[in-house]
Amino acid sequence: MTATAIAARAPTFLEEVIARTPGESHLERCIQCGTCGGSCPSGADMEHTPRGLFALINAGLRELVLRSNAPWYCVSCYYCTVRCPQQIHITDVMYTLKRMAIDEGYYTESTARDAPEFSKTFIDFVESNGRSFELGLATAYHLRHRPLNAVGMVPMAVGMLRRGRMDLVPTRIKGIKQLQAILKRAKELGGAK
Amino acid sequence: MRYGYYPGCSLERSAAAYHQSAMAVVQTLGIDLVEIDDWNCCGATEYFSINLLPAYALVARNLALAQDQGISNQLVAPCSACFLNLTKTDRYMMESSKLAADVNEALAAGGLHYTPGTVRVRHLLEVIVNDVGYDAVAARVSKPLTGLRVAAYYGCLIVRPGYGGIFDDPEHPTALDKLMRVLGAEVVDFPLRAQCCGGHMTQISQEVAFEMIRRLLKNAADYEADVIVTVCPMCQLNLDAYQPNVNQFFGTDYTIPVLYFTQLMGLAFGASPIELGIGKEFVDARPALDKIGVALPLTEAPRRPERPKEALPMPRMEEE
Amino acid sequence: MNEERIGVYVCHCGSNIAGTVAVEEVAQWAAKLPNVVVSRDYKFMCSSLGQELVEKDIKELGLTRVVVAACSPHMHERTFRATCERAGLNPFLFEMANIRELDSWATDDRAAATQKAKAMVSAAVRRVVYHQPLQLLPVKINPNTLIVGGGVAGITAALEIANAGYHVYLVEREPSIGGHMAQLDKTFPTLDCSACILTPKMVDVAQNKNITLLSWSQVEAVEGYVGNFTVTVRKKARYVNEEKCTGCGICIEKCPKKVIDEVFEAGLGYRKAIYRPFPQAVPKYPVIDTSNCIFFQRGKCKACQMFCPTDAIDFEQQDQILKLEVGNIILAIGYDTFDPRRIPQYGYGRLANVFTSLEFERMVNAAGPTGGRIVLRDGVTTPKSVAIIHCVGSRDKNYNEHCSRICCMYSLKFSHLLHERLPDAQVYEFYIDIRATAKRYEEFYHRVLEEGTRFIRGRVAEVTDAARMPGEEGKLIVQYEDTLIGKQRRLPVDMVILSLGMEARRDSREVAQIFGLGCEYNGFFIERHPKLDPVNTMTEGIQIAGACQGPMAIPEAVAQGAAAAARVLSLISQGTVMMEPVRAHIDADKCSGCRICNNLCPYNAIVFHEDRKVSEVITALCQGCGACVAACPSAAITGAHFTDEQVMAQIEGMLWDVQPQFAMTSMETR
Ligand SMILES: Cc1cc2nc3c(=O)[nH]c(=O)nc-3n(C[C@H](O)[C@H](O)[C@H](O)COP(=O)(O)OP(=O)(O)OC[C@H]3O[C@@H](n4cnc5c(N)ncnc54)[C@H](O)[C@@H]3O)c2cc1C
Ligand code: SF4
Ligand code: SF4
Ligand code: SF4
Ligand code: SF4
Numbered sequence: 415m416t417a418t419a420i421a422a423r424a425p426t427f428l429e430e431v432i433a434r435t436p437g438e439s440h441l442e443r444c445i446q447c448g449t450c451g452g453s454c455p456s457g458a459d460m461e462h463t464p465r466g467l468f469a470l471i472n473a474g475l476r477e478l479v480l481r482s483n484a485p486w487y488c489v490s491c492y493y494c495t496v497r498c499p500q501q502i503h504i505t506d507v508m509y510t511l512k513r514m515a516i517d518e519g520y521y522t523e524s525t526a527r528d529a530p531e532f533s534k535t536f537i538d539f540v541e542s543n544g545r546s547f548e549l550g551l552a553t554a555y556h557l558r559h560r561p562l563n564a565v566g567m568v569p570m571a572v573g574m575l576r577r578g579r580m581d582l583v584p585t586r587i588k589g590i591k592q593l594q595a596i597l598k599r600a601k602e603l604g605g606a607k
Numbered sequence: 007m008r009y010g011y012y013p014g015c016s017l018e019r020s021a022a023a024y025h026q027s028a029m030a031v032v033q034t035l036g037i038d039l040v041e042i043d044d045w046n047c048c049g050a051t052e053y054f055s056i057n058l059l060p061a062y063a064l065v066a067r068n069l070a071l072a073q074d075q076g077i078s079n080q081l082v083a084p085c086s087a088c089f090l091n092l093t094k095t096d097r098y099m100m101e102s103s104k105l106a107a108d109v110n111e112a113l114a115a116g117g118l119h120y121t122p123g124t125v126r127v128r129h130l131l132e133v134i135v136n137d138v139g140y141d142a143v144a145a146r147v148s149k150p151l152t153g154l155r156v157a158a159y160y161g162c163l164i165v166r167p168g169y170g171g172i173f174d175d176p177e178h179p180t181a182l183d184k185l186m187r188v189l190g191a192e193v194v195d196f197p198l199r200a201q202c203c204g205g206h207m208t209q210i211s212q213e214v215a216f217e218m219i220r221r222l223l224k225n226a227a228d229y230e231a232d233v234i235v236t237v238c239p240m241c242q243l244n245l246d247a248y249q250p251n252v253n254q255f256f257g258t259d260y261t262i263p264v265l266y267f268t269q270l271m272g273l274a275f276g277a278s279p280i281e282l283g284i285g286k287e288f289v290d291a292r293p294a295l296d297k298i299g300v301a302l303p304l305t306e307a308p309r310r311p312e313r314p315k316e317a318l319p320m321p322r323m324e325e326e
Numbered sequence: 005m006n007e008e009r010i011g012v013y014v015c016h017c018g019s020n021i022a023g024t025v026a027v028e029e030v031a032q033w034a035a036k037l038p039n040v041v042v043s044r045d046y047k048f049m050c051s052s053l054g055q056e057l058v059e060k061d062i063k064e065l066g067l068t069r070v071v072v073a074a075c076s077p078h079m080h081e082r083t084f085r086a087t088c089e090r091a092g093l094n095p096f097l098f099e100m101a102n103i104r105e106l107d108s109w110a111t112d113d114r115a116a117a118t119q120k121a122k123a124m125v126s127a128a129v130r131r132v133v134y135h136q137p138l139q140l141l142p143v144k145i146n147p148n149t150l151i152v153g154g155g156v157a158g159i160t161a162a163l164e165i166a167n168a169g170y171h172v173y174l175v176e177r178e179p180s181i182g183g184h185m186a187q188l189d190k191t192f193p194t195l196d197c198s199a200c201i202l203t204p205k206m207v208d209v210a211q212n213k214n215i216t217l218l219s220w221s222q223v224e225a226v227e228g229y230v231g232n233f234t235v236t237v238r239k240k241a242r243y244v245n246e247e248k249c250t251g252c253g254i255c256i257e258k259c260p261k262k263v264i265d266e267v268f269e270a271g272l273g274y275r276k277a278i279y280r281p282f283p284q285a286v287p288k289y290p291v292i293d294t295s296n297c298i299f300f301q302r303g304k305c306k307a308c309q310m311f312c313p314t315d316a317i318d319f320e321q322q323d324q325i326l327k328l329e330v331g332n333i334i335l336a337i338g339y340d341t342f343d344p345r346r347i348p349q350y351g352y353g354r355l356a357n358v359f360t361s362l363e364f365e366r367m368v369n370a371a372g373p374t375g376g377r378i379v380l381r382d383g384v385t386t387p388k389s390v391a392i393i394h395c396v397g398s399r400d401k402n403y404n405e406h407c408s409r410i411c412c413m414y415s416l417k418f419s420h421l422l423h424e425r426l427p428d429a430q431v432y433e434f435y436i437d438i439r440a441t442a443k444r445y446e447e448f449y450h451r452v453l454e455e456g457t458r459f460i461r462g463r464v465a466e467v468t469d470a471a472r473m474p475g476e477e478g479k480l481i482v483q484y485e486d487t488l489i490g491k492q493r494r495l496p497v498d499m500v501i502l503s504l505g506m507e508a509r510r511d512s513r514e515v516a517q518i519f520g521l522g523c524e525y526n527g528f529f530i531e532r533h534p535k536l537d538p539v540n541t542m543t544e545g546i547q548i549a550g551a552c553q554g555p556m557a558i559p560e561a562v563a564q565g566a567a568a569a570a571r572v573l574s575l576i577s578q579g580t581v582m583m584e585p586v587r588a589h590i591d592a593d594k595c596s597g598c599r600i601c602n603n604l605c606p607y608n609a610i611v612f613h614e615d616r617k618v619s620e621v622i623t624a625l626c627q628g629c630g631a632c633v634a635a636c637p638s639a640a641i642t643g644a645h646f647t648d649e650q651v652m653a654q655i656e657g658m659l660w661d662v663q664p665q666f667a668m669t670s671m672e673t674r
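Residue numbers (my numbering), protein chains in the order written: chain Z, 415 to 607; chain C, 7 to 326; chain F, 5 to 674.
With the rest of the complex left out, here is chain Z (with noise of 0.2 Å):
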């Protein structure tokens, strides 16, 4: 397809995928095979297997899609890509649907709703550390989101931090400075693929 097809008219919601997925995604060419659905681990659980997904996506389907729990129950393993007789990026568009599920508010109506905040919480501690840091991630993610979990969790927590496994408080690298004003300037570029 040509561009100046593509800018005549508004693109589909499967254009708009593979727009704000980076690199060649391939989304378009998929044949419905199934194999990223029986490969998943998580696939059994997923509200849409992959290829549901990628039919939705194809169907136009965006509320679906984007509210289903399936993308934030990715946990990146990869076998799709690698199996997928088409060869698309799988696991990459399975981000990309994370994060539009996230601009355009849909998350909050998914069974996963928890994984964004998981995803969100474990962000916060890099931005202001530059490490990640179990102790106040499990702390704060389990508190704020799963408090009845959050106790299930403490003798968890505490054979960790017994065991030297985890630290009361985080570490901070020193360039923490130069960090933010990274992430900063590429949160203002934003919206390339």
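Worth flagging that the hints you see were computed from the coordinates, not collected in a lab. Cβ atoms here follow ideal geometry from the backbone N, Cα and C, with glycine treated the same way. Since no wrong hints were added, every one of them can be taken at face value.
Here are the in silico distance ranges between beta carbons for each label pair:
hint : chain 1 : residue 1 : chain 2 : residue 2 : range
1    : C       : Arg322    : Z       : Ala473    : 39 to 49 Å
2    : C       : Met100    : F       : Gly23     : 37 to 47 Å
3    : F       : Glu544    : C       : Gly123    : 45 to 55 Å
4    : Z       : Pro584    : C       : Ala144    : 38 to 48 Å
5    : C       : Gly123    : Z       : Pro584    : 25 to 35 Å
6    : C       : Met100    : Z       : Pro584    : 26 to 36 Å
7    : C       : Gly123    : Z       : Arg586    : 23 to 33 Å
8    : F       : Lys443    : C       : Arg322    : 36 to 46 Å
Below, a list of computed lysine-lysine pairs in the DSS-like style, where the Cα atoms sit at most 25 Å apart:
hint : chain 1 : residue 1 : chain 2 : residue 2
9    : C       : Lys104    : Z       : Lys598
10   : F       : Lys491    : C       : Lys224
11   : F       : Lys306    : F       : Lys239
Fit chains C and F with the ligands to the known structure of chain Z by using the hints.
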């Protein structure tokens, strides 16, 4: 042999044992791993879900530091997730000049610049297997792990999708098996060797995550492994720290210790368990290690059932 | 300025050219080029009206040269040469500019395409001025034919030609002819017994006086050209004297060495070190596999020799090198099946009860290793459930992008055979699409549906023995997405069959090189035209037939074998062919006798006259490749129809819009 070293956040604390044992082992092998000064988190699997360009910039800062600090043009990452993020960023910056330009514009805000392709990122296992080689490793073995039944567990990101080049088969890798055999261990078949440990799923849906972990533990138990050996801190954490939770959830009673490959290498090289950070695991490794300590002849391994004489021949396979 | 009068004709080719190139503009522009007396554009130059236009202009305007700007010379150079000839003009005073394949089809940019069309027309106009009248060279056709590959395609071709009364050399690299078809049990969709319909043809080959069967042989080199090929064949030592051997088979019985038969039994059965792939083998003589023979490996044994009643075993036998003179060649080397070890997640080689489709063919075959019993790898257990996995190694960019076309059908055949032999077994077919597109195929699919096979739409993700649930213990578990319900599922079964795709022979590129053919990206041989000339190749005198051209079933392989034979017979009955007079010629006055060209000629067409110290081209041998022309340091060699003047004029024409001073420099350095 001198390399830049990017330990990654886990190796600072939750996987300190990996760091400790890796250091001990590379010293024996004559490898110099020099830590990149002031590296930052690679973003794990999280940052790419939220915001793409900052995610690349975050990783690229490390590549820029590695490039500028001039330790070596090779950077070793022991964590599979870090390995993936570093190779992915380098590869995508190489493939897309637009991405490279944007990332570099962001880096410029911190006075940095990274030229894609200048730093070659390697996983620690790959360096040991390819640069040092099995023979050199074999030469250092003083206390072979005879009788220890090991399930060699690769997980995902060291073999898939191969942004830094294909190092082992993405479906049925064998490098770690060979390494363990060189150490004298008995490597059991482990069909789920490259399946996912669940990654961050423990934080998102415990039922889903526990099931993924259970599958792996069951598979290792089915083949009567004494120990699962890993190449990634995330895999170790999921299989080890959550093993009690998994048992509780499913009513199972798995007690399979999960050690880093560097810890077993260290033991075979004659280092003391303490030196190698052994003892920090949730599932006690002592019963397994007793087995090699006392060097008793193995309780007979389950023998393959004899092939009846009507049996049809098996297809011929290339030697591993 | 010379006297030539040129006519230029720019073709629209419907919208194929006119859609991108401003053809009227090009024609008007060309009218102003030197020597051009008429320039026209026309909708279809190749139509009879278009050709009549040229003929009329030649006669009425006294044209001495003709340029047609249209499609590739491969398509219509012959057409327009004939047009010129009809109007009394020597056909070589014509030149064709390809403004379709090389221009209008290569871009959407109208301005650039028009500009390029002008350059190509200008090049042709400048060149054609220097053309010289030439005559086609008649070449006699040797009526013998070489056929390489004795599968069903090669056998069919051999019998057609031999029955027409001409001699055939049939070269087969295995000990017997028959190819893959000899391994099969029943054939879809009619379910006739494969051996029953093939072996009579094999016997015909053996008995036909016009066929020389060279099995256990390989072509090593080919020289010459259409009508006159010289072929070097290595006839490998069988270590069995064919004159004496009666084919009794006692040697095979007595041979103590048993090895896995990787070829005919697809690895599922055994043979001896001295063997015949199957009882109806043609020829009947066994061969000794030296890499496994105890005598060849350790110097002791000779059991076969001891027991042979006719003293036919000859351990001293040597390979023979034969030189064959033939006029035509048919390649019918068939295909290889995909190696499923390349997809480790399907477990072949690791999981005992994963079988390939070829193994299954041998298993269901009453003459096969299990006598037709369907059993697991332990040799005794009958499977209660069988999963057949489609598209293994096909329709996958990681392996082969093409659809292998036959595996859907043979999978359906397997379902049917399973139902017939094991009525209690549950059979599953995992497919992406069912491709049942030839005569009676869809009907066969419906029949299998009615027999109770369960069809599951989804490409299998993996086959594993790692049980998750109690019901899975001890079984093979097929993991997949049932795409019609959108759910990931696992199915425990006893046996898995992998429906392997068809690939080009692993050595197809080397074979192509020997015969001077081209291969597709995936190794299959390229035909001259995918629709209009499917068995011919770009190399005159060489045809292809059967699965070496692309995946196909038996009926098509047979049809192609017969088609290739018809091509050959047509050439033989013509007796001669007319060859392009594109030949090199050495100007004896300019030749310095350096002999550089002598060894360069790939056809050994240059002789050196010691007495006069000059080289000379033997026109009958020269193929016009031009190697000597470019190499001669004294510029003594000219290639007819490719003279320096012609080529330089063409280049200058092509550069018509380049700055004149630059064009001058290029002229001067010449
Ligand atoms: C499992 C399976 C089941 C099938 N079932 C059916 C079916 O039921 N019905 C159907 O119509 N089709 C079926 N087919 C397809 C069928 O096998 C092919 O269509 C047919 O065999 C093609 O014949 P061929 O002569 O072109 O090639 P081949 O049968 O491959 O014969 C080629 C011959 O050339 C020889 N050769 C190769 N290289 C050289 C060389 N360099 N020099 C000399 N000789 C050489 C080979 O030894 C071989 O004898 C099946 C295929 C498979 C894999
Ligand atoms: S594996 Fe690839 S082609 Fe098949 S359904 Fe998934 S994305 Fe589509
Ligand atoms: S990468 Fe994500 S979507 Fe793909 S198989 Fe793994 S978990 Fe599933
Ligand atoms: S025993 Fe002798 S005659 Fe009989 S098949 Fe063997 S070689 Fe031929
Ligand atoms: S014929 Fe059927 S099984 Fe074979 S590759 Fe084509 S679709 Fe797949």
